[in-house]
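Chemist: If you want the building blocks of each chain, they are given just below.
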Amino acid sequence: AQSVSQHNHHVILSEAASLELGCNYSYGGTVNLFWYVQYPGQHLQLLLKYFSGDPLVKGIKGFEAEFIKSKFSFNLRKPSVQWSDTAEYFCAVTPYSSASKIIFGSGTRLSIRP
Amino acid sequence: ETGVTQSPTHLIKTRGQQVTLRCSSQSGHNTVSWYQQALGQGPQFIFQYYREEENGRGNFPPRFSGLQFPNYSSELNVNALELDDSALYLCASSLDRRYSNQPQHFGDGTRLSIL
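Residue numbers (my numbering), protein chains in the order written: chain A, 300 to 413; chain B, 33 to 147.
Among the clues, some could well be false.
Partial list, derived from the structure: chain B residues whose beta carbon lies under 8 Å from chain A [stated by the list, open to error]: (1) G74; (2) N111; (3) A112; (4) D140.
For the record, the hints were derived by calculation from the structure and aren't laboratory data. In this text, a Cβ means the ideal position worked out from N, Cα and C, and glycines have one as well.
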């Protein structure tokens with residue numbers, strides 16, 4: 300069955316620390332990949348997306364993610380986090396053959412110490 | 033542009049009852065998806081509607097059903113409510129389901145509590 304795994308349930312960092320959140324998916328075909336973010340009290344918002352081309356994609360607020368096809372991974376990174384990055388982060392996959400279905404990971408809660 | 037709006041924001045029901053949740057899609061979007069998000073989990077895909085017809089369904093029983101109207105707004109109906117149905121129900125709209133690279137735009141959700 301198709302699935303998305305996010306390795307860290309809760310990550311706590313200090314401001315200015317570097318961030319990497321892991322995401323692996325299980326699906327043998329072509330996929331589209333997303334990272335969504337949910338800030339406290341807000342709805343899910345798209346952070347960045349990968350469809351094709353350069354496997355290093357840049358999103359909003361200084362976030363980037365790298366698609367490594369051989370590892371079925373799409374890790375999220377940010378060189379220097381800010382307190383305002385405190386949120387829940389969800390990795391998601393859409394199989395190219397099934398445009399209707401988005402499969403989400405269980406999420407990673409990121410807490411930033413000021 | 034108007035975003036995705038859901039109503040009601042909170043709802044309390046008892047086991048065995050039926051519930052209807054509503055969603056207005058973002059302007060110009062003809063595709064609506066519904067998700068269930070249990071506490072501490074990621075959203076789970078329930079089903080998607082495209083031009084008033086169901087287009088894809090996740091692992092949810094038939095007591096979860098939906099509708100999409102000509103203006104692309106949508107309803108999620110759940111019959112014979114069970115305690116495990118307590119969750120946040122999210123609606124998301126996208127421009128057109130034929131394009132898998134279209135991101136989904138989410139509403140704030142309806143928090144459903146079953147007593």
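Chemist: What are the numbers of the hints the structure violates, in ascending order?
Modeler: Of the numbered hints given earlier, those the structure breaks are 2, 3, listed in rising order.
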